[in-house]
Amino acid sequence: MASTEKKTLYTADATAVGGRSGHVRSATGIIDLEMSVPEGLGGKKNATNPEELFAAGYSSCFQQALLVIAQRAGDKLDPNTEVKCSVSLFQEGEAYGLSAILDVDLKAFDEQKSVDMVRQAHTICPYSVGTRGNMEVELRVKGKAISLKAEDNAGVASQK
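Going by numbering that gives the first Met the number 0, the sequence shown opens with residue 0, and the numbers climb by one from there.
Simulated from the structure, these hints should not be mistaken for laboratory data. Worth double-checking, as some hints may not be accurate.
[To be verified] The calculated lysine-lysine pairs, modelled on DSS-like cross-linking and capped at a C-alpha distance of 27 Å, are:
hint : residue 1 : residue 2
1    : Lys44     : Lys106
2    : Lys75     : Lys44
3    : Lys83     : Lys106
4    : Lys83     : Lys141
5    : Lys43     : Lys106
6    : Lys43     : Lys75
7    : Lys106    : Lys141
8    : Lys5      : Lys43
9    : Lys44     : Lys112
Please read all numbers here as calculations on a predicted model, not as lab measurements.
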C-alpha cells in the first residue's frame, strides 16, 4: 500500500483554565464555556464538561463522514438523519478513560444499507480514526449494535 503525504487541513485551538471546574475558550471565541464535573458526579447543572463536548464533536464529525459516504455512492441523506453519541467516563484502577456509543438513524435507507454506510463512515471519520485502539466505540443502527468487519478495525481488539 502506497503511503500518502499527510496534509493539515485545519487546526482548532482552545485554552482551558481550572480543569473540570474552570473555563474553556476557543481561539475564535465561539466556544466560551464554564466547565464543571458532570452533574451526576456533583457538578453544576448549568455548565458543560469534556464528555459533552467530545460527544458533540464526534456526532457531528461522524454525520459528516456519512454525508461523504453517501455522496461517493451517489446517494442523498435525509435531512433528518440523526447521529447520537453517548460518551461515558469510567475509572479503572487509578486511571480514567472514555467509551462511546454512536447510534445512527439513516431514515432514508433500509437496515443493511445503513449498516454498510455506518461501517464505511467509521473508517474515514477523524474521530473514529483517532480513537481506534484507544477507546471502546460501539456502533449502532437505530439502537441495534452492529459488528465491524475485520478490515474496519484492523488490529484493534478494544473497539466493538
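For each hint, the structure was consulted:
1. Lys44 to Lys106: violated (33 Å)
2. Lys75 to Lys44: violated (38 Å)
3. Lys83 to Lys106: The given pair, whose Cα atoms are some 14 Å apart, holds under the 27 Å limit.
4. Lys83 to Lys141: holds (10 Å)
5. Lys43 to Lys106: violated (36 Å)
6. Lys43 to Lys75: Violated, because 41 Å separates the two Cα atoms, which is more than 27 Å.
7. Lys106 to Lys141: The hint holds at about 9 Å.
8. Lys5 to Lys43: violated (41 Å)
9. Lys44 to Lys112: violated (40 Å)
When held up to the earlier numbered hints, the structure conflicts with 1, 2, 5, 6, 8, 9 and fits the remainder.
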